[in-house]
Amino acid sequence: MRGRGGHRVYRRAGQATANLAVVALITVLLFPVYWMLISSLRGESQFSFPPKFFPSHPSATSYVQIFTQKPLGTWLLNSIVVSLASTVMSIVVSAPAAFVLSRFRSVALTSFSVAILVTQMLPATLLIIPMYFLFRTLRLLDSLTGLVLVYTAFAIPLSVWILRGFFDTIPRELEESAKIDGCTELTAFRRITLPLSLPGLAATGVFAFVLAWNDFFFAKTFINSQWKWVVTVGLSSLSGWYVLEWQQTMAASAVFAIPPAIAFLFVQRYLVGGLTGGAVKG
Amino acid sequence: MRIRHVRILATALVALLVVLSAPQIKAAPTTIVSLDFPSWMWSEPGVGEYFNDAIAEFERENPSIKIRRTTIPAGEWEDRMIVTLASGQAPDVLKLFTNNVPFFVDRGLLEPLNRWLDNAPFKNRLIGVQKVAVRDGKVYGVALTASPHGFLYNKKLLDAAGVRVPTTPAELFEAARAVKARTGQFGYAFASDPSDVLQAYIALMQWTIGNGTDFSREGKPNCNDPKVVESLEWMKRLLDADLAPRGTTVATFRRMFWEGQLAMIIDGPWTMTYVRDRNAPLYSSIGFAPVPLAMREAGSITGGAFYTIPRVSKSKEQAWKWIELINREKWQRRWLEELVQIPGTVVRPSEKFLKDNQWISTLNELAAKQKSGFGYAAPGFEKFGPEFRRIVIDHWAQVLAGRQPVKPAMDACQAALERWAATLPK
Amino acid sequence: MTASSQRLALILIAPAAILISVVLFYPILHGVWMSLYDIPLLGPPPKFVGLSNFATLVMREDFQHAFRVTLGYTAGTVAAAFGIGFLVAILLNAAIFARPIARKLLLLPWAIPEVVAVLVFAWMLDFQFGVLNYLLSLTGYFPPKIGWLLSPDLAPYAVIAVTAWKDYPLASVMILAGLQGIPLELYEAARVDGATSFQEFRHITMPGLRPISAVVFLLLTLYSFKRVALIYIMTGGGPSRSTETLSVLTYLEGFKFFRMGSAAAIGVAMLAVTLVFTLFYYRFTMATAETAP
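Residue numbers (our numbering), protein chains in the order written: chain A, 1 to 282; chain B, 1001 to 1426; chain C, 2001 to 2293.
Keep in mind the hints are simulated off the structure, nothing from the lab.
Ideal Cβ positions, reconstructed from N, Cα and C, are used throughout, including at glycine.
Careful, some of the hints might be misleading.
To be verified - In silico PhoX-like pairs for lysine-lysine, Cα to Cα no more than 20 Å straight-line:
no.: 1; chain 1: C; residue 1: K2256; chain 2: B; residue 2: K1383
no.: 2; chain 1: B; residue 1: K1316; chain 2: B; residue 2: K1066
no.: 3; chain 1: C; residue 1: K2145; chain 2: B; residue 2: K1236
no.: 4; chain 1: B; residue 1: K1095; chain 2: B; residue 2: K1066
no.: 5; chain 1: B; residue 1: K1095; chain 2: B; residue 2: K1123
no.: 6; chain 1: C; residue 1: K2145; chain 2: B; residue 2: K1180
no.: 7; chain 1: A; residue 1: K52; chain 2: C; residue 2: K2145
no.: 8; chain 1: B; residue 1: K1383; chain 2: B; residue 2: K1123
no.: 9; chain 1: B; residue 1: K1123; chain 2: B; residue 2: K1355
Stated by the list, open to error - Which bits of chain B does chain C cover? Going by a derived footprint, with three or more residues having C-beta under 8 Å, they are:
no.: 10; region: 1135-1149
no.: 11; region: 1392-1404
Can you make the complete structure from the sequences, with help from the hints?
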């Protein structure tokens, strides 16, 4: 039986205290986010000290400037295209694989799942050098397609793991009864299991998207042309040798942080199930 | 039925890949000449329009050639270019920082330009720094610009502090102190944030070379040379007295300078252009003088750039056409008079221009008198610049953090460099 | 499995398997191969050196230093992220009223891209104009300006702080799930027996969290060990190499000093350490699980 385990412990301490403590926690832990937003709206010179916590002349000019003075629009477009493409591809590729791992058993499959787990431990810095040479041979350097392939490959292990966890929770009897009614394995999967796993697919999609969206190293190493930059590379280039506009940098950062923040908010309910995948009793 | 589904899936995947690759396929016709410029050139005031106009003229004259620009931030330039060339993807015209030229020449990455340069109309007008690109009679690049560092000062702040333009480190220190005391602004600044290793090293170079020494001598490390130690001690004194701000990046102090919050810096002429464009009223109050160090005019280090053509380029003839165009009088003059930078060929400025921009004559003097030793790595270690700089700055960071005085830090640096140098391939 | 299901399974799993093999496994193998060579990025062709890259590795000052830094960084980050995550989970579990909104808000640092986190923290920790120095100076207990990113002593803590900020949501989500999985009867039974809150915590909550905590520790450790972009963008490994972990060193070795073979060797060493650690970890947690009540 699932219970709301810990809260009984604190009934004596008082709900009020706990809720107040949570508010305090939010204030401290989310202060950087607040500061980012405040800094982006600052009207006066960034060199004024002490910093004001509520800017006296808030102005959104930085948000305009990052699109007019810097190619944030181009960067955003590239980030969106690459992230969406790799998300779609990783789901399309991982769902069938997760289905197989969930419904079938064999030695080969077990080793495959172990292999997938091992990929979680691979250090990116070891991968990046031979990958660089591999992509050079495949003529995929300075190519957004190449990046999509990289991100898809990186997203597959976690996607398969999460989706398999979700598929495991859907009883095989549902598919069995569909098969008795004349469906094939695959149709049963498509018509019955898949729709029931929509939360899992959503969670996987978010993971894959955020993985691609946030990547810095591969985007920086594999892409040269400025018009192909994604936002992570563009953002880090803003602190250059000649101009450092903190207001603009913070504005661009805020804009860039919005999609993953929203995606996470929508899907956070399902993250627990996917991540713990069975480690939680009950 | 299952096979059909699989086929649909596979086709969708392939279609996706093709769609994503399409832009690459379209963008590779053979008449494209790709010119790689560091991104500072685009966002620097005036320079962006300059190149846009030049490119427009070039494409009008050569309808079969299109120029494709790519941009890379100045700070990543060296690493990015090395990696790009290593990946076999060289641009056709490669702009190189002056001090990267030996590195690329050593590795045989650049095409000798003699066969074109010998017949070029501008071949005898190139400025002195051109010799950097010459090796065994072969010319590997054409000078684009020379940017000797000088001493930039805000006359208004110095006058308010009641001091003259300093000519020695001691005078600089006193002037900075007076500025701080009487105006509240910082007197001097340099790159004191060790996380940008190259800029921090350049700051050290400004003082050591300005005092007639360097971090290497005759191919061996020279960190604990008394003159090096003395130069660094001056810099530390300025920090400790809070006359120069700590943890400052080069972008920050440049901005402070053109916003009128900083009295003196050692920097290149591009900062003058920034002042003129970002804070025009201040422009006439900014002076450009020889560095207030022992070597004066001969002690300024150089920035600057060259046009080169990588050996692996497939459009060398077309690339040369660009170099020829940009070295025409019209464009060289515009580089000087509109952008107030030294062009790659000698151009006689008009009287009016000299009057409006008096500091240019100082700039020209500096360019004429500086030695050609300028590498952003100590002489003899140019091939291993990044590592050399890292080791030096690792130890300088200890001084910046107040953990060690200069002399012990430089002794440790010397020992570390000697150990490292012993591991280098001959 | 029937023959036709076998074929189906093969077809379904093939794309994933192929992609991972080509993009992940082949480079790893290539990387291991590279570690046996001396590969300058430009210039002379690669030269076979066998295991000498590894032999010299252990002797190298910078490797030893990076190893120590990595240990410190990982320990600090895991402790901080787990600690904060634990606190957040406990409080969220107790605060029913605030929980729905608080849970979403407190998840934000996880969603925020690394690059953004670094930029924001770098700005807050700025020596001259950063807000943290300002707040600290108001308390009167701290010197007016502290160089968080400038001092080799303090920079590691700054980097740990940013990493912990990014990592705590993962810990909190999992620990919260663990908390909510502990059966209510256990607490009721304890209440009947007259246990205090503290005893309940110690004998029910903590053991109940053990399995999920094990997973959290493992994940946090693996993530910290691999982290490179965050550290590299924030400090580049400095000042004075004080934040130069093994992963940062690998990147510098390969892309700044252009010694690809040696960089690959460090990467292989890292992979080996990770595998060994995970192996021992599973052994250890399996063993303790068996002896758990």
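Verification of the supplied hints:
About 12 Å separates the Cα atoms of K2256 (chain C) and K1383 (chain B), which keeps this hinted pair within 20 Å; it holds. For a cut-off of 20 Å, the pair hint linking K1316 (chain B) to K1066 (chain B) stands: about 14 Å separates their Cα positions. Among the hinted pairs, K2145 (chain C) with K1236 (chain B) is consistent with the structure: their alpha-carbon atoms are about 17 Å apart, no more than 20 Å. Of the pairs offered as hints, the one joining K1095 (chain B) and K1066 (chain B) holds, with about 18 Å between alpha carbons and a cut-off of 20 Å not exceeded.
Using a Cα cut-off of 20 Å, the hinted pair K1095 (chain B) and K1123 (chain B) holds, with the two alpha carbons roughly 19 Å apart. Distance hint between K2145 (chain C) and K1180 (chain B) is fulfilled; the C-alpha atoms sit about 18 Å from each other, no more than 20 Å. Distance restraint check for K52 (chain A) and K2145 (chain C): the Cα-Cα separation of roughly 17 Å lies within the 20 Å cut-off, and the hinted pair is therefore satisfied. Distance hint between K1383 (chain B) and K1123 (chain B) is unfulfilled; the C-alpha atoms sit about 29 Å from each other, more than 20 Å.
Between K1123 (chain B) and K1355 (chain B) the CA atoms are separated by roughly 29 Å; this puts the pair beyond 20 Å, and the hint is violated. Counting residues of the region 1135-1149 of chain B whose beta-carbon sits less than 8 Å from any beta-carbon of chain C gives 0, not enough to reach three: the coverage restraint is violated. Coverage of the region 1392-1404 of chain B by chain C holds in this model, with 9 residues showing a Cβ closer than 8 Å to a Cβ of that chain against a need of three.
Of the numbered hints stated above, those contradicted by the structure are hints 8, 9 and 10, listed in ascending order.
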